[in-house]
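What follows is each chain in one-letter form.
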Amino acid sequence: MATVEQVRVRVEEIIRATLKLGSDVELNPDSDLVKEIGLDSIEAFESVALLHEMLGVRIPEDLDPKAMGTISNLSAYIVSKYDAAKVDAFLAIDVAARLASMHEGGELA
Amino acid sequence: MKLLAAQIERYIPHRVPFIFVESAEVLGQYDISGICSWQADNPIFAGHFPGFPVVPGVLMVEAAAQLTGVLIAYNAEQRGLSTISSAQAEMVGVLIGVKRASFHRPVLPGSRLHFKVTLGNALGGMISANAEGYSESNDKTIKCELSVAVANKSSLIGAPNSVDNLVN
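Same order as they appear, the protein sequences are chains C and F. Start counting the first sequence at 1; every next residue gets the next number (the working numbering). Start counting the second sequence at 1; every next residue gets the next number (the working numbering).
Fair warning: there could be bad hints in the mix.
[As the list claims (entries may be wrong)] Between beta-carbon pairs, the in silico distance windows are: (1) C:Glu36 x F:Thr118: 31 to 39 Å; (2) C:Gln6 x F:Gly47: 25 to 33 Å; (3) F:Ala5 x C:Arg58: 29 to 37 Å; (4) C:Glu26 x F:Lys2: 48 to 56 Å; (5) C:Asp88 x F:Asp139: 25 to 33 Å.
No lab work stands behind these hints: they were computed from the structure. Glycine is no exception: its CB is placed at the ideal position from the N, C-alpha and C atoms.
Please model the complete structure; the sequences and the hints are all you need to start from.
Printed below as a string of structure tokens:
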């Protein structure tokens with residue numbers, strides 16, 4: 001059973017990829033992505049959209065964007081919303097390789 | 001549902017010389033196809049390029065964005081929400097992102113492209129879409145990924161950080 005902490009590592013990778021942040025930049029998982037980390041609304045949308053692309057699902061229509069405010073919240077949402085198989089597949093993703101594939105025009109699964 | 005020019009103008013505010021969707025067919029909640037064209041008398045061709053008029057790639061992206069807007073407004077209407085077609089409307093659809101755009105062959109004035117657009121993720125008034133356009137001989141001509149937002153006009157103009165007011 002995947003833990004929120006395991007998922008948090010993967011979510012942080014995706015946020016770093018969206019913002020093009022190096023590993024030397026600290027990201028507090030409880031910091032507000034918009035007010036404290038500095039994402040604007042478009043970057044926040046791109047991050048949540050990319051996260052769902054990697055989960056292989058559409059963003060649910062009833063998802064409250066205000067509930068997605070921190071890396072911790074996003075991680076808890078994934079663990080609570082999706083079944084173990086989906087979360088395990090998410091954890092197995094090589095984020096860098098997937099992003100490289102997307103940038104080369106490859107299709108997401 | 002097939003939509004002709006007059007119906008398309010109910011769904012998006014664009015008008016001549018900057019409306020490129022000639023007709024459309026809503027194929028479902030997430031899918032639309034459409035014919036887009038650029039008339040030879042469009043003033044853009046006087047400058048792009050003198051003596052060698054070709055459709056700018058950005059206008060093909062714009063055509064895909066307009067078709068995306070038609071589907072978003074159509075879906076909104078189906079849900080009983082108002083459309084965004086009139087100049088007086090409070091809301092407007094704006095292009096907020098373009099990714100992985102590629103242009104596979106030149107398009108000449110008077111040509112028609114057959115576009116297919118599929119909506120992707122949506123959150124907080126922002127929506128992504130994948131678009132492909134094909135020539136009349138069915139050759140792939142353009143591919144791109146778009147993001148659009150439905151925004152309040154007053155939040156876009158004069159705001160110190162307009163991008164953060166897109167969906168307020």
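query = Per the hint of 48 to 56 Å, is the separation of the Cβ atoms of glutamate 26 of chain C and lysine 2 of chain F within bounds?
reply = holds (54 Å)
In this structure, is the beta-carbon distance linking glutamine 6 of chain C and glycine 47 of chain F contained in 25 to 33 Å? violated (56 Å)
- Item | aspartate 88 of chain C versus aspartate 139 of chain F beta-carbon gap, inside 25 to 33 Å or not | violated (42 Å)
Check the following: the C-beta atoms of glutamate 36 of chain C and threonine 118 of chain F are separated by a distance inside 31 to 39 Å.
Holds, at about 35 Å.
request  = Indicate whether the distance between the beta carbons of alanine 5 of chain F and arginine 58 of chain C respects the range 29 to 37 Å.
outcome  = Between alanine 5 of chain F and arginine 58 of chain C, where Cβ atoms are some 31 Å apart, the hint holds.
Consistency with the previously given hints fails for numbers 2 and 5, ordered from lowest to highest.
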